[in-house]
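Residue numbers (our numbering), protein chains in the order written: chain U, 1 to 117; chain H, 1001 to 1112.
Derived from the structure by calculation, the hints contain no laboratory data. Beta carbons: idealized from backbone N, C-alpha and C, even for Gly. Take these hints with a grain of salt, some might be off.
What the hints assert, rightly or not - Going by beta-carbon spacing under 8 Å, a handful of chain U positions derived as facing chain H:
hint: 1; residue: Phe10
hint: 2; residue: Ala24
hint: 3; residue: Met41
hint: 4; residue: Pro61
hint: 5; residue: Tyr64
hint: 6; residue: Phe90
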Amino acid sequence: NAGVTQTPKFQVLKTGQSMTLQCAQDMNHEYMSWYRQDPGMGLRLIHYSVGAGITDQGEVPNGYNVSRSTTEDFPLRLLSAAPSQTSVYFCASSYSVTSGGSYNEQFFGPGTRLTVL
Amino acid sequence: GEDVEQSLFLSVREGDSSVINCTYTDSSSTYLYWYKQEPGAGLQLLTYIFSNMDMKQDQRLTVLLNKKDKHLSLRIADTQTGDSAIYFCAESGADSWGKLQFGAGTQVVVTP
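This is chain H alone, in the form it adopts within the complex (with noise of 0.2 Å):
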């Protein structure tokens, strides 16, 4: 089956910049995802990038895949302690209804 992979924790200080990897193996994949689950709550879409894109910029986050390595990044600008959760990257492939398939999440804790 399909595998997606991350390391599990991330530790940064405040105003460093945080990359976080992801690995799918799904070459059908067409979407790939970021949520962000801060504690205690639910997922939350951070980002996405269409599968014939290579980079991605939204404000302080910036999205790099590299397909023939089927290998995503997130990575986030001046790193706040608002920044602290757990990071889902995720894969839908060609099924009709954009099933997703998780990763097993990165912990990123910021600290002063």
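Here chain U stands alone, though its shape is the one from the complex (with noise of 0.2 Å):
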């Protein structure tokens, strides 16, 4: 299994363009969500889906769209880019969980960093 595998690993834009980050994972998790991490501020939840044709939002989700056509993928969208997007961005994908809360082991891809000017 390649586990969950994220494209590209670097990216450059300037500001006003869009772009999307593509996120993949072959292990048939159900759950898939987007982070951003910033020196000093840990990993902040962009977006989530629990399934394929479900998405939400998370903490930080302005700036950002997503979709989940297939279980397999879920790709990042930035409309269009602002420096305050310069980031590095972890995709990660879990097996469902029971309600009430449950042990949730979350596989991280090796992340995007991405500038924009």
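Now that you have both chains on their own, put them together as the hints suggest.
Here it is, written out as structure tokens:
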């Protein structure tokens, strides 16, 4: 299994450009999520999906769109890049859990380092 | 909202024990986790503890949980240079899909 893969590894954009960060997993996980990592702030949840066709907003969704047409893929779209979106982006996936809380190991991709000039 | 806090930096000599501390505010947390991030890589689960436990040991790792004080710690015995990394504390509450709330991460530097 390749696990969680992300492309590209690095990207430089100009303000106003759009782009899509790709994420794919081959573990048949139901749950997928996107985080951004900024120095001193840990990981913050952007969007997540609990299954194909279902997405929801996380803590910092503004400026980003997602869709989940298949179980395997969960792309993140930047509609009009801004310097504040310079960050490292991580995609993660996990198995479903029962309601009421349960152990949930999230498997992370290697990240995409994005710079917006 | 929920908060998870950690100190940002820890320096330790090779062979000594490292202790990384974390506090959280969500009293409904059911599982608490420690993730490790090596340079240029994604996060990897190191260990976890269920909220009704107060200690868990896994080889060189010991997790202590004080649920009353909402304090979690990770002790690494006989710290090695390969333990140099960022360590993230995270908690999941009663949310049905186990959404994680992460701390800011503690950078551990192991010196010879």
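Cross-check of the supplied hints:
1. Phe10: violated (11 Å)
2. Ala24: Cβ of alanine 24(U) sits 14 Å from chain H, so the hint is violated.
3. Met41: holds (6 Å)
4. Pro61: For proline 61(U), the interface hint is violated, since the closest Cβ of chain H sits about 14 Å away, which is over 8 Å.
5. Tyr64: violated (17 Å)
6. Phe90: holds (6 Å)
Hint compliance for this structure: hints 1, 2, 4, 5 are broken, all remaining hints hold.
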